[in-house]
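Enquirer: Work out the full structure, taking the sequences as your base and the hints as a guide.
There are 2 protein chains.
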Amino acid sequence: MSIERVAIIGLGLLGGSIGLAIAERAPEIVTTGYDRDPDVRKAAAARGLTNILLDTASEAVATADLVILCVPVGAMEAAARELAPHLPAEAIISDVGSSKKSVIEALGAALPGRTVIPAHPVAGTEQSGPNAGFPTLFAGRWCILTPPMGTDQAALEALSDFWTRLGARVEMMDPDHHDLVLAVTSHIPHLIAFTIVGTASDLEEVTRSEVIKYSAGGFRDFTRIAASDPVMWRDVFLSNKGAVLEMLGRFTEDLTALQRAIRSGDGETLHELFSRTRAIRREVIDQGQDDSSPDFGREH
Amino acid sequence: MSIERVAIIGLGLLGGSIGLAIAERAPEIVTTGYDRDPDVRKAAAARGLTNILLDTASEAVATADLVILCVPVGAMEAAARELAPHLPAEAIISDVGSSKKSVIEALGAALPGRTVIPAHPVAGTEQSGPNAGFPTLFAGRWCILTPPMGTDQAALEALSDFWTRLGARVEMMDPDHHDLVLAVTSHIPHLIAFTIVGTASDLEEVTRSEVIKYSAGGFRDFTRIAASDPVMWRDVFLSNKGAVLEMLGRFTEDLTALQRAIRSGDGETLHELFSRTRAIRREVIDQGQDDSSPDFGREH
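Residue numbers (the numbering used here), protein chains in the order written: chain U, 1 to 300; chain Z, 1 to 300.
Hints were generated in silico from the structure; no laboratory data involved.
Beta carbons are placed, not taken as given, at the ideal position from N, Cα and C, and that holds for glycine.
A few of these clues could be false.
As the list claims (entries may be wrong) - Heads up, incomplete: computed chain U residues facing chain Z, CB under 8 Å, no partners named:
#, residue
1, T56
2, R220
3, P230
As the list claims (entries may be wrong) - Restraint-style ranges between C-beta atoms, simulated for each label pair:
#, chain 1, residue 1, chain 2, residue 2, range
4, U, E299, Z, P148, 32 to 38 Å
5, Z, R165, U, G288, 56 to 62 Å
6, U, H271, Z, L203, 20 to 26 Å
Expert: Given below as structure tokens:
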């Protein structure tokens with residue numbers, strides 16, 4: 001089984017990057033695209049995000065052998081229901097959502113009997129929309145597939161090959177475990193960043209202009225993450241509620257312990273933690289998940 | 001009053017960058033350097049961080065008209081006491097510490113009757129030590145001076161001119177207000193980053209290797225900040241305890257409110273906050289405090 005026609009539904013950062021990555025790395029695959037926002041379709045056409053851009057989702061998927069839903073996880077079920085009557089019988093249906101249990105439920109309900117293989121490429125930037133995508137977004141990043149029990153092996157291999165061709169490294173995972181791992185490595189970091197940026201902008205004693213001016217002390221890195229797409233992230237937190245609340249509980253326990261250490265002047269506890277965390281950074285860099293240049297190689 | 005001889009005590013990231021910035025932007029100033037660690041002195045000599053490197057602090061400051069203490073804030077008083085008998089009568093004593101009330105107390109106690117003008121250049125990277133500095137660290141960054149009441153105006157202007165020549169923009173601030181502003185824009189972001197990186201590495205359900213692998217989802221940005229110098233940061237939290245605990249209280253209140261919104265499925269509250277925080281990012285970029293390229297311009 002080989003993938004020759006890919007339909008991309010939703011042409012924001014992820015959908016657009018998939019289209020551009022196919023054009024660059026697998027140009028024999030024909031891509032069709034659709035976005036429900038006419039302005040996004042216009043911008044997508046201007047950038048050539050897909051080979052063919054269509055004005056209805058039904059036309060976009062009509063001849064596809066892989067359909068990728070690149071919409072916020074909260075919009076997944078409605079998008080799938082709209083497509084259902086128009087999908088070719090053999091098509092693989094996949095997505096790029098950041099939570100997987102909820103996507104499996106949504107797509108299972110909307111597309112009974114179809115070949116549904118949820119996927120999550122762990123890649124992105126703080127920008128969104130049809131002008132944000134670029135062809136190398138997935139290079140060297142992991143793409144996690146969470147195939148339901150009984151998934152057709154040929155279809156799974158075809159999807160895995162597809163992501164490998166776009167530059168990603170593919171891993172299989174149980175959806176529950178995926179949601180827990182991503183709660184830690186992605187959802188909680190985003191929640192914390194959104195919170196502290198909100199806290200800082202609401203203070204009475206410190207002006208917003210001061211917060212911006214002196215943001216080079218650490219705060220500015222949080223503003224990048226807190227600039228991520230609001231709708232996408234709202235949906236992530238609501239759809240991965242259990243794992244997010246569980247991990248948030250662990251985080252606040254640890255924060256309370258540090259608060260106590262600061263209050264009681266326990267420098268040893270602080271120093272011990274701060275030394276351990278430094279080692280993690282080295283591993284992130286050693287494994288190619290970040291840039292080794294100091295300060296992210298910002299120009300000085 | 002003009003500054004012609006600068007003594008740099010402590011040759012890590014900040015001290016080294018000051019030496020290199022002087023060499024590049026104000027080469028007529030003669031720099032002397034000292035670090036209590038002989039290995040650091042050796043590395044500093046090899047990189048030419050100062051014009052003259054000395055084996056004792058007393059020799060390094062003997063003819064200086066500006067002495068800059070670039071040591072962790074907890075080591076400030078001891079360093080100042082060691083220098084006190086050797087300081088020229090007219091020398092300005094300054095520092096680069098991240099908390100200012102505690103530094104004023106420490107230097108006031110150790111150097112009664114001296115011209116002490118604390119300073120905080122809001123700039124740095126996650127790296128530390130004599131090999132971490134570079135001459136453009138302060139370019140476009142703010143340097144906050146917190147002159148005590150009755151500071152000699154000529155000395156204050158000389159120090160202000162000095163930092164301006166190194167590329168920084170200079171601002172005066174009351175030390176209490178400095179400590180509150182920096183608690184928000186720097187200390188709390190660091191504390192949160194140290195905490196979440198620690199939390200993630202201590203989980204039983206998610207392996208450390210998974211945390212590293214999928215760190216591109218947001219976590220990796222926190223690892224950069226959590227790789228900062230452990231001794232420096234231990235001292236910052238202990239020396240700015242009041243403001244840090246106050247701001248931490250605000251943050252955890254806001255985090256609790258978001259936790260409640262997630263638990264109750266209140267998407268509107270989440271969306272409203274996430275939209276506001278995006279606007280802050282634009283201001284940080286507009287004011288030149290960060291890079292506008294997506295994902296910090298990481299190579300893809």
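Enquirer: At a threshold of 8 Å, is the proposed contact between U/P230 and chain Z supported by beta-carbon distances?
Expert: Where the cut-off is 8 Å and the nearest Cβ of chain Z is about 4 Å from U/P230, the hint holds.
Enquirer: Taking 56 to 62 Å as the stated bounds, is the beta-carbon spacing between Z/R165 and U/G288 within them?
Expert: violated (40 Å)
Enquirer: U/T56 was flagged as interface toward chain Z. Is the shortest Cβ-Cβ separation under 8 Å?
Expert: Nearest chain Z Cβ about 28 Å off; hint violated.
Enquirer: Regarding U/E299 and Z/P148, is the given constraint of 32 to 38 Å on their beta-carbon distance met?
Expert: holds (36 Å)
Enquirer: Range first: 20 to 26 Å. Now tell me if the beta carbons of U/H271 and Z/L203 are that far apart.
Expert: holds (22 Å)
Enquirer: Is the interface hint for U/R220 satisfied, with its Cβ closer than 8 Å to some Cβ of chain Z?
Expert: holds (5 Å)
In summary, the numbered hints that this structure violates are 1 and 5.
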